[in-house]
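> Given next are the chains, with one letter for each unit.
There are 2 protein chains.
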Amino acid sequence: IGPTACLPGFLRPETAQGIFVNFKRLLEFNNNRMPFAATQIGFSFRNEISPRSGLLRCREFLMAEIEHFIHPAKKFHPKFKNVANIALKLFSASDQLNNLTPCITTLQTAVDKQIIANNVLAYYIGRVYLFLQKIGIDLERVRFRQHLPQEMAHYACDCWDCEIHAYHGWVECVGFADRACYDLSQHSKESGSKLVAYEQLLKPDVIQTHEIILDKAAIGKQFGSDSKQIFSHLESLSNEQAIELETNLKNNNEFHITVDGKIFTIINQMVKKVTFSKKEVFVKEYFPHVIEPSFGIGRILYSLLAHSCMVREQDEQRIWFKFDPIVAPTTCVVLPLSNKEEFQPYIQSIVEKLARHNISYKVDDLNASIGKRYARGDELGTPFAITVDFDTLTSDPATVTLRERNTTEQIRLQVQDIAQVIKDLIDQNHKWMEIVEKYKLFKGQVSS
Amino acid sequence: IGPTACLPGFLRPETAQGIFVNFKRLLEFNNNRMPFAATQIGFSFRNEISPRSGLLRCREFLMAEIEHFIHPAKKFHPKFKNVANIALKLFSASDQLNNLTPCITTLQTAVDKQIIANNVLAYYIGRVYLFLQKIGIDLERVRFRQHLPQEMAHYACDCWDCEIHAYHGWVECVGFADRACYDLSQHSKESGSKLVAYEQLLKPDVIQTHEIILDKAAIGKQFGSDSKQIFSHLESLSNEQAIELETNLKNNNEFHITVDGKIFTIINQMVKKVTFSKKEVFVKEYFPHVIEPSFGIGRILYSLLAHSCMVREQDEQRIWFKFDPIVAPTTCVVLPLSNKEEFQPYIQSIVEKLARHNISYKVDDLNASIGKRYARGDELGTPFAITVDFDTLTSDPATVTLRERNTTEQIRLQVQDIAQVIKDLIDQNHKWMEIVEKYKLFKGQVSS
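Line by line, the protein sequences are chains A and B. Per this note's numbering, the first sequence starts with residue 10, numbered consecutively. Per this note's numbering, the second sequence starts with residue 10, numbered consecutively.
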């Protein structure tokens, strides 16, 4: 890239580093308060030798990462209590090494027994578990596996993988790492810019401090053009070095320093006075630790597809996807029983109502039997089907049928109620069972 | 990239081509029906020599594209009527060439006078205009400029740019191109895979057809291993070529064909019979045309920032952003008047209500005057501020103040109503004026 097209370009292997290098700005954005978390979603790139297994092993993949920055001594999450009682399949490093199987444990127990290093890590494990449940992953096929000591990344002090079982066995879909202060301290070291946070101390720390008063004229006379560098070297001595300087001058009348590879000898006459004192400080800087849940979006989607793919009991040719409305590509398919012109106004009125309720829909008015079109909707994972039939034309107020995909049951209801009923089902204000109870099962002329 | 890391990798300059090469699949997804549109959002890459001007000229930028496929003779959009009466600033190619200024025209007039080539293009121009209005772009600084004939891309038959005026003058933010059938026909030519749609003909087309019966033994004897290629060449002759073959054989007793660069002479004995007939066809294939609105997301955002940045009349130091709630990073800031412990339960109850209504919020409980914290919220473009003050503690039921950013006006209302009132303002069920009328202006102890 570049004007000469000769500069090599690099693609990031994770989104995390963008957050770390912006740490100062993010801290400022949070009013300089700890703890806080930053999130990012975007493509990352790895040079896979042989990309394969669908969305599982790609050179370019979508990642989402949360970097939760905390004080190293305060690894507590205030909302941990909301997930503490979730029981899930944990496969600790020691259970793996002892050839045991994963065991079902509550997060509270796992933290108490120090199976999971701290409750922030455990909090995110719990939240991911709830997230997977919400989008429709089969929780029987989810486990959380701790990294063995030898497989843990060099920067991490505890690592867990959320593994989901599907066509390719157990696959890591979300990673949880306590990266400690590795990233912030490494960036600070390499860039010279301190990526630190500050804490107020309740009891001040007492630190040793010193002042060195030089005879600059004497140094200048002796070392000429090197003097300036010698001044700044002597002024930036640590407390230990200052003690060494004083001791050496007192005992040997000389002290050697190395500046830019050259050795200079400082003698008594060059130093007027060294004084030592104590100082109380109320603010202390520290490198925050970071807890990082890292999501492979493609892998989660792939697992969701695998777990959602079903076959109708009565006919193994009929595949369907049991997507929850929140993940289904289309919420509702609208079907006129035939291509009769008279159905059109009803279709129009229904889709306008659906659009106003932000319910996504597709009209399927192809020349195919209603059963075939139900099957096609099922195959696309569409949760609901509305059918406009001949009774719609004669009923007053007009009624249509609503079919639920999982049960294939139908009810008959007024056109004006349809969008609200679907909305309530999506928002889980009502269950399908309750709707059936209210409207009664419909087994009319429209056969599925 | 690749196992040897020696394969060059290429980055796409637009997202569009991914849609074109998937045309067949998309058509199938739409039940083989035309017209339809596909959309995509993602990063595109251009090797800018000198990236500059904020988000305006980047090497990596976010793009969103709609590819609307239509029959070349049916460039009509059924929803055009919804935008036909919008009047906007059009700067046609001829007005530019004649040194005129842009003129305000309705889309209906522009289509009628053929200033805009067709009503699908005009439909999208109208929709983009409404979109920009919705997110808060100043429409006085928006114009639609037609490309001059010499600047039009080679593939396009009409092009318009939506230009937005800001710090860097008029900048192209959305492009509208009628790309005709350029992309689909080029991909078909290069790949050999036909990216076409089919139309039913009401009146059948009559086409000439022919059949050639070869003496394969005679050809085989003469041409040996080349025979197979000669067979397939002769069998795929067009109708015109078949006529030429028959005429030549009849008149000259020979016909020359070129296969893979070699010339072969076909003589009478090799062809048993050529018969010609007519056939009625009811289906015709065609290359769909495509209308493409293409959005530079970074440029739109940059313009939005520029148009939203305001200064308070009474104090030019006080900058604020007039983001509409649908684009504001945070909808609501929640402010305890001071750090008193007693305010906490109210803050908790308020943020829970906001979260339940999906209203994003931030609690700002730093040690700063309430006026400073209002100013900080304004600077971040936060539309609403809720303040918990001493009256909250004593009122029963508890009340808080709600401040609207644009007017800096406040009202006082019950905690239990706060989330619904904000929700109604976001959804534009009520205007702030109406809310003020209902609750009356509050000018209490909390000064801004």
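Check each hint, because a few of them may be wrong.
Put simply, identical chains are the same to the list, so a pair is met inside one copy or across any two.
[Stated by the list, open to error] In silico DSSO-like pairs for lysine-lysine, Cα to Cα no more than 30 angstroms straight-line:
no., residue 1, residue 2
1, Lys271, Lys88
2, Lys237, Lys282
3, Lys98, Lys203
4, Lys122, Lys281
5, Lys449, Lys281
6, Lys432, Lys143
7, Lys447, Lys281
8, Lys381, Lys33
9, Lys143, Lys362
10, Lys440, Lys362
11, Lys83, Lys362
12, Lys440, Lys203
13, Lys452, Lys198
Treat the hints as calculated values from the structure; they're not laboratory data.
> Determine for every hint whether it applies to the structure shown.
Now the hints, each set against the structure:
no.: 1; hint: Lys271 <-> Lys88; verdict: neither (56 angstroms within a copy, 79 angstroms between copies)
no.: 2; hint: Lys237 <-> Lys282; verdict: within (19 angstroms within a copy, 103 angstroms between copies)
no.: 3; hint: Lys98 <-> Lys203; verdict: neither (40 angstroms within a copy, 52 angstroms between copies)
no.: 4; hint: Lys122 <-> Lys281; verdict: neither (60 angstroms within a copy, 91 angstroms between copies)
no.: 5; hint: Lys449 <-> Lys281; verdict: neither (99 angstroms within a copy, 74 angstroms between copies)
no.: 6; hint: Lys432 <-> Lys143; verdict: both (17 angstroms within a copy, 25 angstroms between copies)
no.: 7; hint: Lys447 <-> Lys281; verdict: neither (95 angstroms within a copy, 77 angstroms between copies)
no.: 8; hint: Lys381 <-> Lys33; verdict: between (59 angstroms within a copy, 22 angstroms between copies)
no.: 9; hint: Lys143 <-> Lys362; verdict: both (27 angstroms within a copy, 22 angstroms between copies)
no.: 10; hint: Lys440 <-> Lys362; verdict: both (21 angstroms within a copy, 24 angstroms between copies)
no.: 11; hint: Lys83 <-> Lys362; verdict: between (51 angstroms within a copy, 29 angstroms between copies)
no.: 12; hint: Lys440 <-> Lys203; verdict: neither (54 angstroms within a copy, 48 angstroms between copies)
no.: 13; hint: Lys452 <-> Lys198; verdict: neither (73 angstroms within a copy, 53 angstroms between copies)
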